[in-house]
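In case you want the letters, here they are:
2 protein chains.
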Amino acid sequence: MSDTWLNEGLYDSWGQRFRVRKELAHVKSPFQDIIVFESDSHGRVLMLDGVVQITEADEFVYQEMLTHVPLFTHAAPKNVLIIGAGDGGVLRRVLEHKSVERAVMVEIDGDVIELSKKHLPGIAGDAWNDPRADVIVGDGIEYVANAPDGSFDVIIVDSTDPIGVGEVLFTDSFYQHCARILGPDGLIVNQCGVPFMQADELRETSLRRAKFFPHVSAYVAAVPTYVGGFMTLGIACKGGDPTVQVVAAVRARAEQTGILGATQYWTPEIHVGSFCLPPYIAKHLPTKK
Amino acid sequence: MSDTWLNEGLYDSWGQRFRVRKELAHVKSPFQDIIVFESDSHGRVLMLDGVVQITEADEFVYQEMLTHVPLFTHAAPKNVLIIGAGDGGVLRRVLEHKSVERAVMVEIDGDVIELSKKHLPGIAGDAWNDPRADVIVGDGIEYVANAPDGSFDVIIVDSTDPIGVGEVLFTDSFYQHCARILGPDGLIVNQCGVPFMQADELRETSLRRAKFFPHVSAYVAAVPTYVGGFMTLGIACKGGDPTVQVVAAVRARAEQTGILGATQYWTPEIHVGSFCLPPYIAKHLPTKK
Chain A
1483 MSDTWLNEGL YDSWGQRFRV RKELAHVKSP FQDIIVFESD SHGRVLMLDG
1533 VVQITEADEF VYQEMLTHVP LFTHAAPKNV LIIGAGDGGV LRRVLEHKSV
1583 ERAVMVEIDG DVIELSKKHL PGIAGDAWND PRADVIVGDG IEYVANAPDG
1633 SFDVIIVDST DPIGVGEVLF TDSFYQHCAR ILGPDGLIVN QCGVPFMQAD
1683 ELRETSLRRA KFFPHVSAYV AAVPTYVGGF MTLGIACKGG DPTVQVVAAV
1733 RARAEQTGIL GATQYWTPEI HVGSFCLPPY IAKHLPTKK
Chain B
1483 MSDTWLNEGL YDSWGQRFRV RKELAHVKSP FQDIIVFESD SHGRVLMLDG
1533 VVQITEADEF VYQEMLTHVP LFTHAAPKNV LIIGAGDGGV LRRVLEHKSV
1583 ERAVMVEIDG DVIELSKKHL PGIAGDAWND PRADVIVGDG IEYVANAPDG
1633 SFDVIIVDST DPIGVGEVLF TDSFYQHCAR ILGPDGLIVN QCGVPFMQAD
1683 ELRETSLRRA KFFPHVSAYV AAVPTYVGGF MTLGIACKGG DPTVQVVAAV
1733 RARAEQTGIL GATQYWTPEI HVGSFCLPPY IAKHLPTKK
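Chains A and B are the protein sequences, given in the same order. To get our numbering, take the position in the first sequence, counting from 1, and add 1482. To get our numbering, take the position in the second sequence, counting from 1, and add 1482.
No lab work stands behind these hints: they were computed from the structure. A couple of the hints might just be wrong.
Cross-link-like lysine-lysine pairs, in silico, BS3-like; alpha carbons within 30 Å at most [as the list claims (entries may be wrong)]:
#	chain 1	residue 1	chain 2	residue 2
1	A	K1599	A	K1560
2	B	K1693	B	K1560
3	B	K1765	A	K1580
4	B	K1580	A	K1765
5	B	K1720	B	K1580
6	A	K1693	A	K1720
So, partial list: chain A residues that the calculated Cβ filter (under 7 Å) puts toward chain B [as the list claims (entries may be wrong)]:
#	residue
7	W1496
8	Q1498
9	S1523
10	P1706
11	Q1746
12	G1755
13	C1758
Heads up, the beta-carbon is just placed ideally off N, CA and C, and yes, glycines get one too.
Based on the sequences and whatever the hints tell you, model everything.
Given below as structure tokens:
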């Protein structure tokens, strides 16, 4: 076994470390420092600016929850916008939904896409070539600022934490445009970090989203390599309250897509249950009106 | 900030690390290597044989789920046996349940109790002095082998992983005696590790428990410093199926104890939802008869 270890640099005084079998790529793009390495424990790992974004072994948790929850919360999502998610894993899951007619993915860093295609081909699979996919290397902020009113049903924001290149995806202006370009039943999901370590992220982005959406909440997922207990995925809806879903309705939608039984983490029960937040997390959400 | 880091040694090629502010104790007991240190990130941390057992910052997750779930699953727990849990945190939570008349705690390593009393006094609080508590420094296996038939309602096993001193708590003989000393509605809970990293632990102990209990299942908790996604708590019941509980009934029990609203992780909704397992975990449980 190799004696080379890579420490995640997300937190000052605590974190995870990986034994590195082999570094596959290390690129300084115009936006960030990108590393792909082969780990002993988790298959291949993608790190941006020293922070784990995805590993082959556990990517299914984050991807399934970031995608299937919003797409089954919306009654009939046809047009989906993905911001970030350069590895293509969200795109692949979005396209598993037969109702989806168009999936636009806007990733600012073309190098992340290229390195993912080369070193993590299993994560996106054949999604890049799906005729419904429109992959744009560009600025997500600019894209939402210019997109027509009501042109999307679901927006999925798969950003880094609100430092560095991802910071602008946590601003008033961004959420305001998102609300504008969503249809009347539209909803947006974005990653809000691990509240045990980064409670500010959930608290502040929830307050921001509450300015533009009537229903602001969050749901949880236990992602093995986003260490520190539950991570939260923030959800904001223009239509119904996402916290009052029932298992049978979610199950019926999943049956129609063929996704039921094909997931490793997401199930209709986990979908509904993930909106039940532990008090230590719930206290960071805005009080319901 | 100190430049001293302590790496958890649980897994060969992946794990967490803590910046150590100060080592408070390092004792080689007859059973294991015990370290208590002050971390920068999680308050004080107790490690046994290089594996994190508890931190002041996140102990509430594990303790609440290990205690409140079995004690609210049983209709009226009076006699509770705790094996291990030398820090006293489970004992404290058990005694919060007014229905409990007697809580016997059997910890094999007296040094863990003494070091916890000295360095982690907040975890057990005043539980050590509760007249209902009977704290025994001794062998849990021997205790269950000698205890009378049907003398307990709930058994909570807070062991280390099935290596070293904790190994005997994962044997047929141990579970057989546990089944014998439980009453007709009795149930046992034990920690079954983090399945993403240690699936064997859940699979093997579930099979063992299935030999002696009609209902064998597991529920999940996202414990920040038991890294690797959900940890599982195995539950085996002589009476009813624990997976079919309803929120209103759990809530009614919690209201009677005064625990409702006083927890940071456990809620009636999370109690019931924690039995909904992701498929990647559920596949390790025995098929239901």
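Next on the checklist: Would the hint linking A/K1693 and A/K1720 be met if the CA-CA limit is 30 Å?
Outcome noted: holds (12 Å)
Checklist entry - Is the shortest C-beta separation between A/S1523 and chain B less than 7 Å? => result holds (4 Å)
Item to check | chain B contact restraint for A/C1758 - C-beta distance below 7 Å | outcome: It holds, given that the least Cβ distance between A/C1758 and chain B is near 4 Å, below 7 Å.
Next on the checklist: Given A/W1496 as an interface hint, is its Cβ closer than 7 Å to any Cβ of chain B?
Outcome noted: holds (4 Å)
Item to check | Distance restraint between B/K1765 and A/K1580, which requires alpha-carbon spacing of 30 Å or less | outcome: Cα-Cα ~27 Å, so holds.
Checklist entry - If you take the shortest Cβ to Cβ gap from A/Q1746 to chain B, is it below 7 Å? => result Hint on A/Q1746: holds, closest Cβ of chain B at ~4 Å, below 7 Å.
Next on the checklist: Please verify whether B/K1720 and B/K1580 have alpha carbons no more than 30 Å apart.
Outcome noted: Holds. B/K1720 to B/K1580 sits at ~23 Å (cutoff 30 Å).
Item to check | Given hint A/K1560 paired with A/K1599 - CA-CA distance at most 30 Å | outcome: With Cα atoms ~26 Å apart, A/K1599 and A/K1560 stay inside 30 Å; holds.
Item to check | Per-residue hint verdict: A/P1706, partner chain B, C-beta under 7 Å | outcome: holds (4 Å)
Item to check | Restraint status (C-alpha distance of B/K1693 to B/K1560 at most 30 Å) | outcome: holds (26 Å)
Checklist entry - Does A/Q1498 meet its interface restraint, that is, does its C-beta lie within less than 7 Å of any C-beta in chain B? => result Since chain B brings a Cβ to about 6 Å from A/Q1498, closer than 7 Å, the hint holds.
Checklist entry - Taken at face value, is the distance from the CA of A/K1765 to the CA of B/K1580 at most 30 Å? => result holds (27 Å)
The structure is consistent with each of the numbered hints, conforming to all of them.
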